[in-house]
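Undergrad: Starting from the structure of chain A, add chain B where the hints point.
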Amino acid sequence: MSGMHLSKEFFELLKAIGESKSKQEEDRIIAREVAVLKKKLEGTKKSGPAGSPGPQNQLATNKKKAKEFLVRLLYVEMLGHDGSFGYIKAVELAASSSIIHKRTGYLVCAACLSPEHEFRFMLVNQMQRDLASSHVLEVCAALIAVTNLITADMAPAVHTEVGKALDHQAETVRKKAIIALHRLHQIAPDVVTRSDVIERLRKVLCDRDPAVMGASLNVIDSMAAVDPIPFKDLIASLISILKQVCERRLPDAFEYHKVPAPWIQMKLVRILATLGKNDAQASNGMYEILSDCLKRADVGVNAGYAVMYECVRTITTIYPNPTLLDAAADAISRLLGSRAQNLRYLGLTGLAGIVEGHPKYAAAHQMAVIECLEDTDETIQRKTLDLLYKMTNPVNVEFVVDKLLLFIRTSQDLYLRKTLTSRICTIAERFAPSNAWYVKTITELFEISGEFVSPAVAQNLMSLIAEGSGEGEDGEESEEADMLLRQHAVEIYAAKLAGPKARLPRVLVETMAWVLGEYAYLSASYTLDDILVKLCEYSTTPTLDITTRKFLITAIQKLVAQLGQCPSHAASVIDAYTKSKDVDLQQRCMEFQAILTTAPHLLGEILPVDASCEDVGVDENLSFLDGFVAEALQNGAREYEKPEDDDDDDDAGGGYAASAGAFKMTPYEKPTS
Amino acid sequence: VHFPTKPRSKMISFILMVNKQGQTRLSSYYQWMPMEERVALESEIIRKCLSRSELQCSFLEYRGFKVIYRRYASLFFIVGTKADIDAGKGAENNENEMGMLEFIHSLVETMDKWAGSICELDIMYQLEEVHFLLDEMVMNGYVVETNKANILRPIDLLEREAKTADGMFR
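Line by line, the protein sequences are chains A and B. For the first sequence, position 63 (counting from the first letter as 1) is numbered 43 according to my numbering, and the numbering increases by one without interruption. For the second sequence, position 145 (counting from the first letter as 1) is numbered 150 according to my numbering, and the numbering increases by one without interruption.
What you were told as hints is all true, and nothing was included just to trick you.
Calculated Cβ distances over 10 Å to all of chain A for the following chain B residues:
| id | residue |
| --- | --- |
| 1 | LYS25 |
| 2 | ARG52 |
| 3 | LEU55 |
| 4 | ALA78 |
| 5 | VAL113 |
| 6 | ASP117 |
Derived DSS-like pairs (lysine-lysine); straight-line CA-CA distance at most 30 Å:
| id | chain 1 | residue 1 | chain 2 | residue 2 |
| --- | --- | --- | --- | --- |
| 7 | A | LYS530 | A | LYS420 |
| 8 | A | LYS340 | A | LYS275 |
| 9 | A | LYS(-5) | A | LYS19 |
| 10 | B | LYS11 | A | LYS340 |
| 11 | B | LYS118 | A | LYS238 |
| 12 | A | LYS238 | B | LYS153 |
| 13 | A | LYS212 | B | LYS11 |
| 14 | B | LYS25 | B | LYS118 |
| 15 | A | LYS257 | B | LYS11 |
| 16 | A | LYS43 | A | LYS20 |
It should be emphasised that the hints constitute simulated quantities derived from the structure, not laboratory data. Every residue, glycine too, gets a C-beta built ideally from N, C-alpha and C.
Next up, chain B with everything else stripped away, as it sits in the complex:
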């Protein structure tokens, strides 16, 4: 018996880095959400992630989002996905949760390579640069690059320009 078929697609709606006290260290939204909604979403999602044990799977559902999360030391990396906006209201989110889980890992590996072992403080001290790095990997809610060389090359260039600029302007 076949159930009525809906279009299937996916996109990332948000990427969060939240610590276990529930403090947001980075948030990137690929679909506009008003601030109150974001604040509520962030606090509820981290609570849900914290309530789960390490033995349980890294996926959960929250308000229609498929959420994939992974903990690294004190920091949770959380990705929320839903069906692509183009596919219309009834569309089914066909996100590959394992693929996204590994994407998170690839992001952390890239950040590690960039910072020489990344930690929560690094993200706090260089928030905008972490955003620039993430911008190389995700655009419009899609994963566009995971090749570390391709990601870090422009970031390198950016940082070199910044240093020269700093030297020229007081």
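So that you can see chain A by itself, here it is in the shape it has in the complex:
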């Protein structure tokens, strides 16, 4: 195709874009194009010389030019520039009676109009007309447009016609209609309900044309994933269809690289997975067809491997069958052992699926897994991490966590780091070989990816340290083991505080502060004062979060209480914070100062040692002040008078209406002069 059908202008534009050597150059070209297009659109109200139409009129009367305008607009937006000045033309062109112009109009609308854009709604009438058209291509155009552009408030206007399109005589229409109907349900579930869709789906599944059946599988797949129950009675039909497909009873045109309708097979197999999961009876009926499907797909081409892979996944998802599992494991072994990276990838994912429920199958692949972990292909490495995660058990947890930590340290990918962080939290908690290991591991995690750790994990850690595990290792005296754990934590954190002051994540600092505040006295390497000095130093770091500061101040206060006196470095920090912008922090520090000067003997009670697990008794009646009150009354103080309850006071000023929420409806009187 030579581009001869394009206008000279358009051709030149594409040539320039194609030859541009940098993004900046491309931006300049597009900026020029935007100016040209804007001019075409605005034009002048009066006509050009000697009665020829002005630029504005050209676009209106010449459909070909209008269509080209829109394609150029599409380019503008595709390359990252704003083309909103031209959107209205797209809406206009959708009304064209020429099908290709109509499609172009709808296309540009779908590509450019955001879901909140008011122009979407403007298309509703056009969609209705097109849906009811006697011309197949117009109905198709409308169905595609509905799927791309429909919003919740537009749905009521079109859903009936879309429903009718499901009975259209053309396969191409019915195929699109079921997708459009599903889309309507997704966007407006009260207009097109689940049962509406499911009812139509049953019929569409048995459509005389396999293409329509194939399209409906997407909808079944999507809806069954949310709730499989309404689809369970379709299992027999699905199996029957899959059988027909596998046995090559579909027209030849559905074949791809010698595999019969591979994507239809994959969808059917995938739906079976969803429906057979945790359902022994349902799964039972599937074993035969899955075995058959798996065997037949083994023809040595990618499409075949794709079907095999789907079968393997389904076999490992549904209620287990030993023969099938063996067959699946076999397929996985072959994939893993392949030299083609894509197939190894499938092998890894397949193995991850089977190993979760049946760990014995992992044993044969340990070497292969280690190799994959060291592969230069980042994708393979990451898939192996997935696999390792699924394979974690109490025996290998330290190894697995080590690997995951390594990847967090070396990866720049925030998404990956976040996922791995949450995974480490899960398996560390589940499989920790010892509390000491858990503390060390989670602390390290805080340090390298603290920003991704949920606060709950920090809380868990602190609880673990405070409460202990309730049972010691090897059954020894539990309190001793708990103390050892606390000491261990303290040593780690004190050392960290004393070490190089690289910017520590907030969650780590807060945890450290709390642990040190509670248990610093357990440290064999540092004195209380050592640790206090470090905490004070750290609290002067300018970039700290307010909550972090509070943790630090509380820790400092606890240590002062334990020391029995307030060294100058602590006093100056607390004094500085009495001027904090945060009122809570101010209050804590001022109260502390007051207690220090007037009643230092109370410190031990206010900040008791190792009492974080004890409940704080609260006397709501403040009965401890009864003596103070009695004394004051004796000296002539006035009794407390409870203020009058004026909630029921309707008449007292202000103009509040007697009934809740009623507005004053009578107008004000006119002002007198």
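TA: Just chain B now, with coordinates in the frame of chain A:
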């Protein structure tokens, strides 16, 4: 030991045709994305694809998308998938990467058949028609048709109507 199960589903979020200079030749999004996000996504993804060797696998992960890509001459065909929006936030994307890889190939074969050997220029010169062809194959992020006859029949009809229309209107 079983980990908590999440619903599994999939959909296509975007299909891109980007050349090795990073210029987008076609983009089709099945989930609305504001323009800045698209521009950033397209440039980052192509960079990632370009940084990989031919010996490495055709799959990668990017910001939670499972990306399947394949290079044909100067053009990368890139498909980004994620869990179906219906399945909720915690849902797992159970895309069959090999199936999608072959879908890309099937798309290219179809375009080839339509254009009589497709190349980057063809896509540039007939952008809207390539979109129409793609619309026959993918709707709402689902693969709805791969049978070439079924795809090209309406496209044929569309083109014939366009020719008559062209002849009737100047």
